[in-house]
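A.B. asks: Listed below are the residues making up each chain.
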Amino acid sequence: MAKSSPNSERDHKDPPRPTINITDGTLIPLKDEGGLLSSWNISFFGAIALLIALPLFSPDPYLRILAFVPDGLFATFSVTLISICFSLVIGLFAGLGRISQRAWINRIATVYVEIIRGIPLLVQLFYIYYALGPLLKLQGPPAAILAMSICYGAYMAEIFRAGIQAIPKGQMEAALALGLSRGNALRKIIIPQTIRVILPPIGNEFIALLKDSSLVSILAVSDLLRRGREYASTSFRYFESYTVIALIYLVMTLFFSRLVAAMEERLRHRGNVH
Amino acid sequence: MATFIEIKKAVKTFGKLQALNGVDLSVQKGEVVLIIGPSGSGKSTLLRSINRLERLDSGSITIDGESVTDEGSDIRHIRQEVGMVFQSFNLFPHLKVVDNITLSPTTVLKKSKEEALENARRLLAKVGLSEKEHAWPDELSGGQQQRVAIARALAMNPKVMLFDEPTSALDPEMIKEVLDVMTDLAREGMTMLIVSHEMGFARAAADRIIFMDSGQIVEEAPPETFFTSPKEDRTRRFLEHIL
Ligand SMILES: Nc1ncnc2c1ncn2[C@@H]1O[C@H](COP(=O)(O)OP(=O)(O)O)[C@@H](O)[C@H]1O
Ligand SMILES: [Mg+2]
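Taken in sequence, the protein lines are chains L and R. Numbers 2 to 275, taken from my numbering, label the letters of the first sequence in order. Numbers 400 to 642, taken from my numbering, label the letters of the second sequence in order.
Check before you lean on any hint, since a few could be wrong.
[Stated by the list, open to error] Derived pair list, reagent style SDA-like, types lysine to any residue, alpha-carbon separation capped at 20 Å:
hint: 1; chain 1: R; residue 1: LYS558; chain 2: R; residue 2: ILE474
hint: 2; chain 1: R; residue 1: LYS630; chain 2: R; residue 2: ASP423
hint: 3; chain 1: R; residue 1: LYS495; chain 2: L; residue 2: ILE192
hint: 4; chain 1: R; residue 1: LYS558; chain 2: R; residue 2: ASP606
hint: 5; chain 1: L; residue 1: LYS189; chain 2: R; residue 2: THR506
hint: 6; chain 1: R; residue 1: LYS630; chain 2: R; residue 2: GLU587
hint: 7; chain 1: R; residue 1: LYS495; chain 2: L; residue 2: PRO193
hint: 8; chain 1: R; residue 1: LYS510; chain 2: L; residue 2: LEU52
hint: 9; chain 1: L; residue 1: LYS189; chain 2: R; residue 2: VAL497
hint: 10; chain 1: R; residue 1: LYS510; chain 2: L; residue 2: ASN185
hint: 11; chain 1: R; residue 1: LYS509; chain 2: L; residue 2: ARG188
hint: 12; chain 1: R; residue 1: LYS509; chain 2: R; residue 2: SER459
hint: 13; chain 1: R; residue 1: LYS495; chain 2: L; residue 2: ARG267
hint: 14; chain 1: L; residue 1: LYS189; chain 2: R; residue 2: ALA534
hint: 15; chain 1: L; residue 1: LYS189; chain 2: R; residue 2: ASP537
hint: 16; chain 1: L; residue 1: LYS189; chain 2: R; residue 2: ASP498
hint: 17; chain 1: R; residue 1: LYS512; chain 2: L; residue 2: ARG188
hint: 18; chain 1: R; residue 1: LYS512; chain 2: L; residue 2: ASN185
hint: 19; chain 1: R; residue 1: LYS408; chain 2: R; residue 2: SER459
hint: 20; chain 1: R; residue 1: LYS407; chain 2: R; residue 2: SER425
hint: 21; chain 1: R; residue 1: LYS509; chain 2: L; residue 2: GLY184
hint: 22; chain 1: R; residue 1: LYS495; chain 2: L; residue 2: LYS212
hint: 23; chain 1: L; residue 1: LYS170; chain 2: R; residue 2: GLU453
hint: 24; chain 1: R; residue 1: LYS495; chain 2: L; residue 2: ASN185
hint: 25; chain 1: R; residue 1: LYS495; chain 2: L; residue 2: MET173
hint: 26; chain 1: L; residue 1: LYS212; chain 2: L; residue 2: LEU52
hint: 27; chain 1: L; residue 1: LYS170; chain 2: R; residue 2: ARG451
hint: 28; chain 1: L; residue 1: LYS170; chain 2: R; residue 2: ARG447
hint: 29; chain 1: R; residue 1: LYS428; chain 2: R; residue 2: GLU453
hint: 30; chain 1: L; residue 1: LYS189; chain 2: R; residue 2: LYS510
hint: 31; chain 1: R; residue 1: LYS495; chain 2: L; residue 2: LEU52
[Unchecked claim] Now the in silico label distances, taken between C-beta atoms and shown as ranges:
hint: 32; chain 1: L; residue 1: ILE43; chain 2: R; residue 2: SER511; range: 34 to 42 Å
hint: 33; chain 1: R; residue 1: LYS408; chain 2: L; residue 2: ALA263; range: 52 to 60 Å
hint: 34; chain 1: L; residue 1: CYS86; chain 2: R; residue 2: ARG520; range: 38 to 46 Å
hint: 35; chain 1: R; residue 1: GLN417; chain 2: L; residue 2: THR111; range: 26 to 34 Å
Derived by calculation from the structure, the hints in this document are not laboratory data. None of these values were measured; they are calculated from a predicted model. Think of the CB as a built atom: it goes at the ideal place given N, C-alpha and C, for glycine as much as any other residue.
Given these sequences and hints, build the entire structure.
C.D. replies: Right, here's the structure in full:
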């Protein structure tokens, strides 16, 4: 492909297909580790088998636990989904801010990202709920959503920034040179490519947020983990309760990570996003 | 013959760097002008000013009487008539070859899908890539990508074609297929401004060679004169380098 030349210039090292890689990279199953005994299959179907077998063989307490905790799924998913939506909005603006030519916008966005990424999520949750509690007067769920959105907004910002920067400058120039308006160039050339680049990392953030949402159980939010705690503390079946909780989280995250991996694979194979 | 492109006293700076330092150039309709010069001499900047990918600090450019440099001018209309081919091809990787070519005619010129498609097929045949209609850009070799890029530019039916080092990123064995397409275009009477150091092509296809250095045009002459008896010292030294 593009070979360097003696009179090479600033903009010719465009990679043929931009990809970015922002992930802690744990869960996403790799394609080449396929087969029936892939680690994903073992974990996923193993967890499901246990979730079926345990209540079958010892209904007390497993069936009771299984009847009690899924109420928390609603809180877990609403906190996750609402926070993802807000964090995408925050992330889009902060990400655009990070590549803004205006120094002060750029500075604000960068400081936001630096601060948020430097403070553990648990501390941020405490801060918004307890430290700012008297000021904000927020209930558990809104406080949780606010904290998670602000926190993940900073990570989303980095994804948007990298996604936009991954599109070579020559793409916009070629579109403009063909007579396209800037708006059309963005809509038909830049955004479709950006989406294809950022969707997989956004999927990863979704999974990470789903897991981190268990932190909100300390803010009196009745999520999955909290329900497990409630059951455990009244029945004293700690081992059984937390085993079920762990298995449910495992099934969910493994399921979504397979989904993200499939999406990544499809996008890699050029299938047009639109 | 009438002057088609008129560049007057073009000046462009990047910070402290003077990329264009008062360039005057007129190009006739149907003329093929080849621009050479050392790296950083302002060749790309000059070309990119013609369709206003770069804005001049001062000076003026007109194409067919229409001003490029006036703030009020309809730059999108001008860009429709000026095709540009880049060193790095810049095909749209998320669109198939044929969609790369039809995008602008359907979006900008509002041509019907059928008409645009028919035209795209004609152009693909012209650049010798009929069988690649449904290929993705990254399935093509560099030479093939650049030929698609030429077809894409031609699909807008431009009056001028600008080429910025169209073969510099290519492996040697692919250079000829691209130059052949360009030679055909030149023969058909297309007005062309080409930044290139392919001297064989320059001799065969160019009407005039322009040598640039430090943001200025140092010397210009028809190919024969230019290569056999350059007037300026700087030109001679540069030619020793590349010939
Ligand atoms: N966008 C830019 N920002 C800063 N400097 C630039 C930019 N574009 C070009 N230049 C500088 O302007 C000078 C002329 O560049 P260019 O026109 O690309 O030269 P050439 O194409 O002859 O190699 C070079 O010194 C280059 O570094
Ligand atoms: Mg150049």
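A.B. asks: Give a verdict on every hint.
C.D. replies: Hint check:
1. R:LYS558 - R:ILE474: 15 Å, holds
2. R:LYS630 - R:ASP423: Answer holds: LYS630 of chain R to ASP423 of chain R is near 19 Å, not above 20 Å.
3. R:LYS495 - L:ILE192: 17 Å, holds
4. R:LYS558 - R:ASP606: The hint holds at about 17 Å.
5. L:LYS189 - R:THR506: 10 Å, holds
6. R:LYS630 - R:GLU587: 31 Å, violated
7. R:LYS495 - L:PRO193: 14 Å, holds
8. R:LYS510 - L:LEU52: It is violated: about 59 Å lies between the C-alpha atoms, which goes past 20 Å.
9. L:LYS189 - R:VAL497: Holds, because 15 Å separates the two Cα atoms, which is no more than 20 Å.
10. R:LYS510 - L:ASN185: At roughly 16 Å apart (the allowed maximum being 20 Å), ASN185 of chain L and LYS510 of chain R satisfy the hint.
11. R:LYS509 - L:ARG188: Distance ~17 Å between LYS509 of chain R and ARG188 of chain L Cα, so the pair holds.
12. R:LYS509 - R:SER459: This hinted pair is violated, its Cα atoms lying about 31 Å apart.
13. R:LYS495 - L:ARG267: Given pair LYS495 of chain R, ARG267 of chain L holds - Cα atoms ~16 Å apart, limit 20 Å.
14. L:LYS189 - R:ALA534: Cα-Cα ~19 Å, so holds.
15. L:LYS189 - R:ASP537: 18 Å, holds
16. L:LYS189 - R:ASP498: The hint holds at about 11 Å.
17. R:LYS512 - L:ARG188: Given pair LYS512 of chain R, ARG188 of chain L holds - Cα atoms ~19 Å apart, limit 20 Å.
18. R:LYS512 - L:ASN185: Holds - the C-alpha atoms of ASN185 of chain L and LYS512 of chain R are around 17 Å apart, at most 20 Å.
19. R:LYS408 - R:SER459: OK: LYS408 of chain R and SER459 of chain R at ~7 Å, within 20 Å.
20. R:LYS407 - R:SER425: 8 Å, holds
21. R:LYS509 - L:GLY184: 16 Å, holds
22. R:LYS495 - L:LYS212: Not OK: LYS495 of chain R and LYS212 of chain L at ~39 Å, beyond 20 Å, violated.
23. L:LYS170 - R:GLU453: 13 Å, holds
24. R:LYS495 - L:ASN185: 18 Å, holds
25. R:LYS495 - L:MET173: 17 Å, holds
26. L:LYS212 - L:LEU52: Given pair LYS212 of chain L, LEU52 of chain L holds - Cα atoms ~19 Å apart, limit 20 Å.
27. L:LYS170 - R:ARG451: 15 Å, holds
28. L:LYS170 - R:ARG447: OK: LYS170 of chain L and ARG447 of chain R at ~14 Å, within 20 Å.
29. R:LYS428 - R:GLU453: 23 Å, violated
30. L:LYS189 - R:LYS510: 17 Å, holds
31. R:LYS495 - L:LEU52: Answer violated: LYS495 of chain R to LEU52 of chain L is near 47 Å, above 20 Å.
32. L:ILE43 - R:SER511: 34 to 42 Å: 55 Å, violated
33. R:LYS408 - L:ALA263: 52 to 60 Å: 59 Å, holds
34. L:CYS86 - R:ARG520: 38 to 46 Å: 45 Å, holds
35. R:GLN417 - L:THR111: 26 to 34 Å: 33 Å, holds
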